[in-house]
Structure formats: C-alpha cells, structure tokens
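Participant: Just so you know, the numbering used here puts 42 at position 42 of the sequence shown, and the rest follows in order with no gaps.
There may be inaccurate statements among the hints.
The list that follows gives simulated cross-link-like pairs (lysine-lysine, PhoX-like), each with its CA atoms no further than 20 angstroms apart [unchecked claim]:
1. Lys84 <-> Lys59
2. Lys26 <-> Lys128
3. Lys118 <-> Lys59
4. Lys26 <-> Lys118
5. Lys274 <-> Lys176
Computed spacing ranges between beta-carbons, pair by pair [what the hints assert, rightly or not]:
6. Lys59 <-> Arg279: 30 to 38 angstroms
7. Asp186 <-> Arg29: 47 to 55 angstroms
8. Pro293 <-> Lys59: 30 to 38 angstroms
9. Ala51 <-> His277: 26 to 34 angstroms
10. Gly32 <-> Glu181: 56 to 64 angstroms
11. Pro254 <-> Pro293: 23 to 31 angstroms
12. Gln3 <-> Glu263: 50 to 58 angstroms
13. Asp192 <-> Arg48: 35 to 43 angstroms
14. Arg29 <-> Gly191: 17 to 25 angstroms
These are calculated hints, taken from the structure and not from any lab test. For clarity, every value in this text was computed on a predicted model and none was experimentally measured. Every residue gets a Cβ at the ideal spot worked out from N, C-alpha and C, and that includes glycine.
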Amino acid sequence: MSQYTPALLIINGKGAGNEEIRSSVKQLRDEGLTLHVRVTWEQGDAARFVAEASQLGAKTVIAGGGDGTINEVAAALAQLPAAKRPTLGIVPLGTANDFATACNIPLAPEQALQLALKGRAVPIDLAKVNEDRYFINMATGGFGTRITTETPEKLKAVLGGVSYFIHGLLRLDALKAERCEIRGPDFRWSGDALVIGIGNGKQAGGGQKLCPNALINDGLLQLRLLTAEELLPTLISTLFSGEANSSVIDASLPWLEIHAPHELTFNLDGEPLKGEHFRIELLPNAIECRLPPNCELLD
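Work the whole structure out from these sequences, hints included.
Facilitator: If you want it as structure tokens, here you go:
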C-alpha cells in the first residue's frame with residue numbers, strides 16, 4: 001500500500017492530451033497511489049473539483065495548467081474551512097508558467113508531479129481583491145496588462161513566454177498611462193502610471209521580474225509603479241535589467257487601495273478584472289503548497 005494519501009489532479013482542458021502527464025499518472029497509480037484526475041472545460045470547473053476533493057479523501061489538490069489554473073485552484077482552496085483544506089500542488093502546463101518558474105518548480109511534468117505529491121508542504125500567502133477575487137502570483141495594470149491580455153494565442157503557442165515581450169514591442173504605439181490614486185499604510189501616491197505591478201510573486205508576462213523583492217510567505221505585497229515620466233526608456237530598461245530608476249516607485253504593504261476616475265483593468269494571474277476601485281489585501285499563510293527546497297519565493 002502507498003504511504004501517500006489520495007490526491008486529485010485538476011488539469012486545464014488544453015493540457016489534457018499531454019502524453020507525459022498521462023504516462024506519469026499511470027506510473028504513480030501502478031505504484032499504488034490513489035490519484036484522481038479531473039479536466040476543466042469552462043470557468044468554475046476547478047472550484048467544483050476542489051469542493052469534490054474532500055468527498056474523494058484527497059489531501060492534495062494539484063493544479064495542472066498555467067497561472068490562471070493555479071489561481072482558480074488556489075482561490076477555491078482558500079475558501080474552504082482550514083480543517084478541510086487540502087495542500088496545493090503544481091504541475092506547470094501553461095504558456096508562461098510565471099509562478100511555477102519563480103518557485104523553481106520543475107517544468108518537466110513527471111518531476112513536477114512527483115514534487116506535487118511528495119514535496120514538503122509550506123504555508124504561503126494569497127492576495128484577496130475586492131472581497132471575492134484572489135491572486136497567488138501578481139496583479140498587473142496598465143500597458144503590461146493590455147499586452148498579456150491581447151497577445152494572440154497562436155503567438156503564445158509558438159514562442160511561449162517571450163511572445164508577450166515581442167507583442168509588447170509591436171504595440172509600443174499603444175503606450176498610454178493610467179491616472180489613479182494608490183494608498184496604503186504610510187503610503188500615498190497619485191499620478192499617471194504606465195505599469196502597476198502588485199506582487200505576491202516576482203514575475204509576470206512571460207518572465208519579466210516586475211516585483212523582484214516579493215516573497216510568498218512574508219505577509220506583504222510588493223507594489224511597483226512605473227510612472228509616465230520617462231515612458232519608453234523606463235519600460236525598456238526595466239524589462240531588461242529589473243533595476244529601479246527615478247521613474248520607478250516601490251513599496252511593501254499588507255494592503256492597498258486603488259482609485260481611478262475611469263475604468264481600469266487589472267490582470268489577476270491572467271484573469272481580467274475591471275473597475276474604478278480595488279482593495280487588495282494580503283492573507284498570510286492562507287494555504288499550504290508543496291514547493292522545492294530551492295524555492296526563491298520563500299523568506
């Protein structure tokens with residue numbers, strides 16, 4: 001009999017035909033491990049499968065997909081009672097895999113699945129937005145958000161994470177700052193922002209370290225603003241070097257509020273949210289996640 005408790009693997013429908021995943025699942029089942037598999041078809045499926053996990057006796061729920069799939073599974077886990085909350089595992093199957101990459105989770109499905117089932121579980125933070133939305137990695141607004149939401153699917157399929165950067169260069173004519181006000185504990189700023197990054201994790205948009213000092217277990221969000229004082233030079237220098245300059249504003253906050261005179265779009269781990277007001281608060285130790293010993297997002 002296997003020494004491991006039952007687990008549930010939730011795979012994004014786009015990755016359901018991955019032969020490496022199928023082979024790895026079969027191998028683990030041959031070893032005696034009880035591993036249930038569910039495939040998502042539409043929005044809300046992952047949350048329903050997470051709710052089903054307790055009925056199956058699953059102590060680990062594995063998100064097989066990109067940042068959006070991880071977001072949906074993590075958000076569903078956070079809403080369960082702590083006593084009934086399974087541990088999160090991650091098998092990166094998306095285009096950019098920003099959260100998994102920053103955590104040093106193996107990109108090879110077999111290795112990632114082994115880690116998701118047998119790795120050390122550690123408490124991590126989540127961010128809550130406007131009471132009913134969450135993100136595990138990052139919320140972005142401004143020009144960067146338009147690029148990640150508008151990048152063609154065919155370009156993503158061929159070039160992976162670098163496609164976001166290439167599409168961004170092609171859309172430099174669309175550079176437009178967003179006027180807003182941001183406030184938090186001992187922090188207040190108002191003006192025109194080219195890019196707004198609010199990080200629990202470090203990177204987004206296919207590997208760009210927008211919030212390089214963020215950690216997922218320090219109880220804080222990293223806010224990074226690229227102001228509109230030096231539009232193109234700031235964008236290029238920040239994308240390539242990750243270093244701050246006079247047009248970059250940084251802050252570490254447990255919560256923040258954003259107000260705008262017009263509708264803004266924020267990208268929450270790949271999922272858009274529109275509005276004129278956002279309250280984002282960090283939930284310390286919200287869930288447990290199986291991560292490698294060399295995870296760079298842990299304090």
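Participant: Would you mind marking each hint as holding or not holding in the structure?
Facilitator: The hints, checked one at a time:
no.: 1; hint: Lys84 <-> Lys59; result: holds (9 angstroms)
no.: 2; hint: Lys26 <-> Lys128; result: violated (36 angstroms)
no.: 3; hint: Lys118 <-> Lys59; result: holds (12 angstroms)
no.: 4; hint: Lys26 <-> Lys118; result: holds (16 angstroms)
no.: 5; hint: Lys274 <-> Lys176; result: holds (17 angstroms)
no.: 6; hint: Lys59 <-> Arg279: 30 to 38 angstroms; result: holds (33 angstroms)
no.: 7; hint: Asp186 <-> Arg29: 47 to 55 angstroms; result: holds (53 angstroms)
no.: 8; hint: Pro293 <-> Lys59: 30 to 38 angstroms; result: violated (21 angstroms)
no.: 9; hint: Ala51 <-> His277: 26 to 34 angstroms; result: holds (30 angstroms)
no.: 10; hint: Gly32 <-> Glu181: 56 to 64 angstroms; result: holds (57 angstroms)
no.: 11; hint: Pro254 <-> Pro293: 23 to 31 angstroms; result: holds (27 angstroms)
no.: 12; hint: Gln3 <-> Glu263: 50 to 58 angstroms; result: holds (52 angstroms)
no.: 13; hint: Asp192 <-> Arg48: 35 to 43 angstroms; result: holds (42 angstroms)
no.: 14; hint: Arg29 <-> Gly191: 17 to 25 angstroms; result: violated (56 angstroms)
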